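Start from the sequences and build out the full structure, keeping to the hints where you can.
One letter stands for each residue in the lines below.
Protein chains: 2
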Amino acid sequence: MTTAMALFEKHEKTLQDAIKALHERTYYTPYPEHPKAYPAEANEAGRNWFAGSMNNEFKELKIEADNWIGEEVSPYMQTGIGVTYPQLSVEQLIANAEQAKTWGTLSVADRAAILIESLARVEKRYFEIAYATMHTTGQSFLMAFQASGPHANDRALEAVAMGYAEISRFPSEVDWVKPMGKFDLKLRKNWKAIPKGIGLVIGCSTFPTWNTVPGMYASLITGNPVIVKPHPKAILPIAIVIAELRNVLVENGLDPNIIQMAVDTVQQPITKELAEHDSVTLIDYTGGNAFGDYIEGLNKTTFTEKAGVNSVIIDSVRDIGAVAQNIAFSASLYSGQMCTAPQNVYVPASGVTTADGTVSFDEVAQAIVKSVEGLVNHPKMGAGTLGSIQNDQTIKRITEGGNFGGNLGLDGIDISNPEFENARLFTPRVVITDAANRDAYSHECFGPIIFIVKTDSREASLEIAAEMARTKGALTCLAYTTDVEMQDAIENTMNATFTPVSFNFGGAAFVNQHAAFSDFHVTGGNPAGNASFTNPEYVNKRFVWVGNRYA
Amino acid sequence: MTTAMALFEKHEKTLQDAIKALHERTYYTPYPEHPKAYPAEANEAGRNWFAGSMNNEFKELKIEADNWIGEEVSPYMQTGIGVTYPQLSVEQLIANAEQAKTWGTLSVADRAAILIESLARVEKRYFEIAYATMHTTGQSFLMAFQASGPHANDRALEAVAMGYAEISRFPSEVDWVKPMGKFDLKLRKNWKAIPKGIGLVIGCSTFPTWNTVPGMYASLITGNPVIVKPHPKAILPIAIVIAELRNVLVENGLDPNIIQMAVDTVQQPITKELAEHDSVTLIDYTGGNAFGDYIEGLNKTTFTEKAGVNSVIIDSVRDIGAVAQNIAFSASLYSGQMCTAPQNVYVPASGVTTADGTVSFDEVAQAIVKSVEGLVNHPKMGAGTLGSIQNDQTIKRITEGGNFGGNLGLDGIDISNPEFENARLFTPRVVITDAANRDAYSHECFGPIIFIVKTDSREASLEIAAEMARTKGALTCLAYTTDVEMQDAIENTMNATFTPVSFNFGGAAFVNQHAAFSDFHVTGGNPAGNASFTNPEYVNKRFVWVGNRYA
Chain X
1 MTTAMALFEK HEKTLQDAIK ALHERTYYTP YPEHPKAYPA EANEAGRNWF
51 AGSMNNEFKE LKIEADNWIG EEVSPYMQTG IGVTYPQLSV EQLIANAEQA
101 KTWGTLSVAD RAAILIESLA RVEKRYFEIA YATMHTTGQS FLMAFQASGP
151 HANDRALEAV AMGYAEISRF PSEVDWVKPM GKFDLKLRKN WKAIPKGIGL
201 VIGCSTFPTW NTVPGMYASL ITGNPVIVKP HPKAILPIAI VIAELRNVLV
251 ENGLDPNIIQ MAVDTVQQPI TKELAEHDSV TLIDYTGGNA FGDYIEGLNK
301 TTFTEKAGVN SVIIDSVRDI GAVAQNIAFS ASLYSGQMCT APQNVYVPAS
351 GVTTADGTVS FDEVAQAIVK SVEGLVNHPK MGAGTLGSIQ NDQTIKRITE
401 GGNFGGNLGL DGIDISNPEF ENARLFTPRV VITDAANRDA YSHECFGPII
451 FIVKTDSREA SLEIAAEMAR TKGALTCLAY TTDVEMQDAI ENTMNATFTP
501 VSFNFGGAAF VNQHAAFSDF HVTGGNPAGN ASFTNPEYVN KRFVWVGNRY
551 A
Chain W
1 MTTAMALFEK HEKTLQDAIK ALHERTYYTP YPEHPKAYPA EANEAGRNWF
51 AGSMNNEFKE LKIEADNWIG EEVSPYMQTG IGVTYPQLSV EQLIANAEQA
101 KTWGTLSVAD RAAILIESLA RVEKRYFEIA YATMHTTGQS FLMAFQASGP
151 HANDRALEAV AMGYAEISRF PSEVDWVKPM GKFDLKLRKN WKAIPKGIGL
201 VIGCSTFPTW NTVPGMYASL ITGNPVIVKP HPKAILPIAI VIAELRNVLV
251 ENGLDPNIIQ MAVDTVQQPI TKELAEHDSV TLIDYTGGNA FGDYIEGLNK
301 TTFTEKAGVN SVIIDSVRDI GAVAQNIAFS ASLYSGQMCT APQNVYVPAS
351 GVTTADGTVS FDEVAQAIVK SVEGLVNHPK MGAGTLGSIQ NDQTIKRITE
401 GGNFGGNLGL DGIDISNPEF ENARLFTPRV VITDAANRDA YSHECFGPII
451 FIVKTDSREA SLEIAAEMAR TKGALTCLAY TTDVEMQDAI ENTMNATFTP
501 VSFNFGGAAF VNQHAAFSDF HVTGGNPAGN ASFTNPEYVN KRFVWVGNRY
551 A
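First to last, the sequence lines map onto chains X and W.
Counting in our numbering, the first sequence runs from 1 upward without gaps.
Counting in our numbering, the second sequence runs from 1 upward without gaps.
No lab work stands behind these hints, which were simulated from the structure alone.
None of the values given here were measured: they were computed from a predicted structure.
Misleading hints may appear alongside valid ones.
Identical copies carry no separate label here, and so any pair may be met within one copy or between two of them.
Derived pair list, reagent style EDC-like, types lysine to aspartate or glutamate, alpha-carbon separation capped at 20 Å [what the hints assert, rightly or not]: (1) Lys178 / Asp17; (2) Lys300 / Glu44; (3) Lys186 / Glu419; (4) Lys13 / Glu98; (5) Lys196 / Asp110; (6) Lys541 / Glu296; (7) Lys101 / Asp488; (8) Lys196 / Glu296.
Next up, the structure:
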């Protein structure tokens, strides 16, 4: 077994900086987020790599298989990208993972070294991953680059750092000496963080690496072999990450099957078979609530990020125009397909106090409508903000909703993407409705839609937002108030539903953005999910402390 | 709201020492365990207090109630002790707890100060608690003193220290500054550990404070009001602890209902009504497996200590006599009514290697039988080791088992307790059986019984012990081997079932004893329970990290 000492020395500073950062929670990243920070030729090389990968077998996993399958479709081209992946049976995947459990006998330092090295390799492939992400999720290039590249690496490193910190927290051995009066009772003791078993990580179609790597690296740093089961429509980005980690494992004399990828199709899914397998003890899941509830009910150790109804509470503002623009951007970014995107904007019927006097409900609604219109029609910003729609169902759900029993303040606008004429586009629909029309807005409506809800009062706005968070879940709450007492009321009431609040965001601050090493993503306390990137529980639940004593 | 600053200063060193100790895991306690460390007159005062409490209302909770109930029976006198407690309805208890949620708004330092002060008050009542414990559980005076007094205080302090460490782990506020190239994005952020709700702690009949205070203090330090529901046959010891904490709360201007006691009877239990109440979000439970499984299935945050089948593996020893004595003592202590007591002793048919040559299976079995006989008949050690039997059912289960399909190596011996002529006694029955007689020994048989199981080989011994731990749970494994390879095999195999191993214990080292700040009690990884005193999860699962951001 390798000791990976040289690798540990290479990455020790990154590891220690990351541990420090996640405890200080100030801004930190070792991975620059802007494409310009990387070699100029890398962008074109990445684009070419993606073009060359299309309609080919993805051989980087170095796996022999009888069947190669793949059915990813580019939301920008609306054609299949034709990449196929080796298909292994569930029994084969589990048998390989069982074989790879020796991973758990490595020291946590060795595991950390291997894992951080894999992130360094991933860093060299950000552009490939970006194009793969664009053409599976529909994200814009810049979002695909940042979310699947440096921001995903941040989250993976955060999980590695937290796992290392927790496992290093107790001594591996001590001499325990208890004075008994006439003599001392002496025992030698040791403590081991025993991995729970095999981890399954179930990916989603919109953030195939950002939402997958936290669970994957958290299970790995704590000694569990992992099987990643990506969404069948978003495999290529995470396949690259997995391939790079397998390379590092092999280079260090380790079993590449410590990390495996399971592929399936929409018609013949294997997720339940994997999840229910006795050998699978840990499950990470990102996706819809129905399947998430099923996962949580499996009596295994589960980490879920499901969906919620995210709120905006507008009480009082300085500048309603700036507020409307901020909300419009947050709701339009990647066409509302972020789990953190605001959905319901609560505005009192009596209007909103501003520095220039009271603005009526209708004026607030119109300000938001105009901001969305302006943004999506903006020749420089529109296409890059919206990206494209990952799948037809998202558009179908919204168009079938019609006016959702309210008034259509803004319908989808006919726009085009100059770079991709076949891009699947649908701009945010804005529905304006009374609070009484509860059925319309009281569940998650994934995708490009905003509900502007007229409430009886600011207190009623808060009450509805809190009830939604408590009963349907929420990942975010965006609030605007210039009243300190109201600010306290919003913070305390929403925090009691385990929902974080972002106050008075404008300019470059957007509620959607959760920064690694600082913002906990999902609290785990309401129906939007049962886990949080990355609190101590997120790693501690993946192993068991066991101590032994020697007389 | 009080700030409890002076109290915090008073106890800060204890708190910091405790946090240091639980991370170093060397021997530590601020609470001397020997009765002789306390004022000479305290013993008699405690005994008198207990005598005076009998057949009276327990008024120390300072609660008015229409009904006063109580049905505790002394295992030493086999008569009711006649203490009654105020009975409140479940709705009243919950309403009081809801009212007391302001506890969660105190700083963790204030909470720690109040809680550690309560332990200082409890320290002054060790002797009262000891007599109350003796006459409800049947423990000997010394065990009752140590387990319900200093050792329970240790475990309570450990939970307070771990909770304080975890909640203090992240900053309460920071300025987060992200360089954006042309400008900096600045946000003010805070983080709060939001308590999950109301904690219910369900006590057991054998260790009414030691098994109750960890969950009680863990829920309290993390900001949750707590309702303790003791076993109806073992209320008085924890009632004293609760009364002392209520005193400290009132003295500091706080709601005494932050901690409440719910009482019921065997005929009219209220535990399920409490456990299923929507407002109860956290449940700590110690007791049998069937009810524990029900608690775990409630879809709440649960912490259970159930039961398991604890093993002794004898491979090779230096001195079989010393080993037999050690096992005899561990199995006889409190008549086998400790959750950590060994039950099944696996010995190969080919015998055991010793420094004086091989000892046959029969000789090993006889050495254990003789050691039990010698111990229980010992005029000075017998009564104090055995204590008495908490309830008739324990004796009934064992006597009804007869020879359990094996040979009765030793039946219960007719002994008496010189101090209590009516004491309920039953000395350990030793059953000698083949491994094939699986039904006899493959479930927990609570109380004074030892199975000596003849196996095909030492490897078979280990295999059976591991299977029992995996399928039935185990809190301890005691192993004797002088072979380094076998030692590794036992440690790795048993640790893989999340069972700790104690090797070659003799002299004053006993497998039953789990020391606070050093030994994790129950690992949480096998069917014997889902939680561990006190790992980080034990406190972290009781609150949720929520962060807020301000532009």
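Okay, the hints, checked on the actual structure:
no. : hint            : result
1   : Lys178 / Asp17  : between (38 Å within a copy, 17 Å between copies)
2   : Lys300 / Glu44  : neither (44 Å within a copy, 52 Å between copies)
3   : Lys186 / Glu419 : neither (74 Å within a copy, 34 Å between copies)
4   : Lys13 / Glu98   : neither (33 Å within a copy, 47 Å between copies)
5   : Lys196 / Asp110 : within (19 Å within a copy, 36 Å between copies)
6   : Lys541 / Glu296 : both (14 Å within a copy, 16 Å between copies)
7   : Lys101 / Asp488 : between (49 Å within a copy, 17 Å between copies)
8   : Lys196 / Glu296 : both (17 Å within a copy, 19 Å between copies)
Violated hints for the displayed structure, listed by number in ascending order: 2, 3, 4.
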